[in-house]
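Chemist: Chain order of the listed sequences is Z and W.
1 is the number of the first residue of the first sequence in my numbering; add one for each residue after it.
1 is the number of the first residue of the second sequence in my numbering; add one for each residue after it.
I should point out that these hints are in silico values taken from the structure, not numbers from a laboratory.
It is possible that some hints are incorrect.
Copies of the same chain are indistinguishable here, so a pair counts whether it falls within one copy or spans any two.
Computed list of lysine-lysine pairs in BS3-like fashion (alpha-carbon distance at most 25 Å, straight line) [claimed, not checked]:
no., residue 1, residue 2
1, Lys16, Lys103
2, Lys118, Lys103
3, Lys118, Lys16
4, Lys103, Lys145
Protein chains: 2
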Amino acid sequence: MEHSYFMRMAIELAAKNVDNGGGPFGAVIVRNGTVVATGVNRVTASNDPTAHAEVSAIRAACLALGTFSLQGCVLYTSCEPCPMCLAAIYWARIDAVYYGADKDDAANAGFDDSFIYKEFVLPRNERSKPLGELLPDEAQIPFEKWKNKSDKQTY
Amino acid sequence: MEHSYFMRMAIELAAKNVDNGGGPFGAVIVRNGTVVATGVNRVTASNDPTAHAEVSAIRAACLALGTFSLQGCVLYTSCEPCPMCLAAIYWARIDAVYYGADKDDAANAGFDDSFIYKEFVLPRNERSKPLGELLPDEAQIPFEKWKNKSDKQTY
Numbered sequence: 001m002e003h004s005y006f007m008r009m010a011i012e013l014a015a016k017n018v019d020n021g022g023g024p025f026g027a028v029i030v031r032n033g034t035v036v037a038t039g040v041n042r043v044t045a046s047n048d049p050t051a052h053a054e055v056s057a058i059r060a061a062c063l064a065l066g067t068f069s070l071q072g073c074v075l076y077t078s079c080e081p082c083p084m085c086l087a088a089i090y091w092a093r094i095d096a097v098y099y100g101a102d103k104d105d106a107a108n109a110g111f112d113d114s115f116i117y118k119e120f121v122l123p124r125n126e127r128s129k130p131l132g133e134l135l136p137d138e139a140q141i142p143f144e145k146w147k148n149k150s151d152k153q154t155y
Numbered sequence: 001m002e003h004s005y006f007m008r009m010a011i012e013l014a015a016k017n018v019d020n021g022g023g024p025f026g027a028v029i030v031r032n033g034t035v036v037a038t039g040v041n042r043v044t045a046s047n048d049p050t051a052h053a054e055v056s057a058i059r060a061a062c063l064a065l066g067t068f069s070l071q072g073c074v075l076y077t078s079c080e081p082c083p084m085c086l087a088a089i090y091w092a093r094i095d096a097v098y099y100g101a102d103k104d105d106a107a108n109a110g111f112d113d114s115f116i117y118k119e120f121v122l123p124r125n126e127r128s129k130p131l132g133e134l135l136p137d138e139a140q141i142p143f144e145k146w147k148n149k150s151d152k153q154t155y
């Protein structure tokens, strides 16, 4: 019942967001049974292609909790996360994810992310987007600085 | 030569960011030979797990240009994009990407994203992070609203 409660909240946020000029996606982040933050899709409304519901909720939750780790949190999203959001969920160390609609439902509504999943498993030189290596030796310098830094905050 | 110029800028941003308490990553977005925006990794500094250099640069470039599409732009990044950033690059419709260090260099410096790539190709129920379906029928409601909306901005 509790899980359904938070999922309904995510679905309602998604539906309301359509009325508010956003995309049909909503997300809720919960810790210990309490809502920490919510997010909706504001890609076109905010001119931010990364402002998917899940990424927006993650950023808001981290701001609210003053941390870059959401360990101990669960994310409820009205639709299965796209690859960007799924990776963000891993980076944020969220414990578990519940989704409502799935990626096929999203594709049917005009939000198809299957092309991105397909690109990921291809070797770099077979992807549709050109991806070229440049100055690989000079690019080690930041990493060397990082390795030699004594007071760094690892994560 | 021009490509190397922008890549050096990304590498220098990455190196300086280590001095400024950030991670060793920098990115530059260029349109018609002009820098539109830059970004650095501020995950721990800003308590934002999505604040990788590329995502930060994309958000800043969209803000600067007042658009959610970066068609016509090229991204230079000091290190090969992680899955979150690569997906964001696709969503932002950036034309092409140049990277300096690669993901193996990143892993050697303590930034290993291979576990995320591995998760993506697994069926949902075999992934390390629990991912469960909930209320799939109710979750169609936002999509139905979207499909029936006449003045929506698709993307």
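Chemist: Look at each hint and say if it fits the structure.
Modeler: To see whether the hints hold, each was checked on the structure:
| no. | hint | in the structure |
| --- | --- | --- |
| 1 | Lys16 <-> Lys103 | within (20 Å within a copy, 40 Å between copies) |
| 2 | Lys118 <-> Lys103 | both (14 Å within a copy, 19 Å between copies) |
| 3 | Lys118 <-> Lys16 | neither (32 Å within a copy, 35 Å between copies) |
| 4 | Lys103 <-> Lys145 | between (41 Å within a copy, 17 Å between copies) |
Hint 3 alone, counting from the list given before, is not met by this structure.
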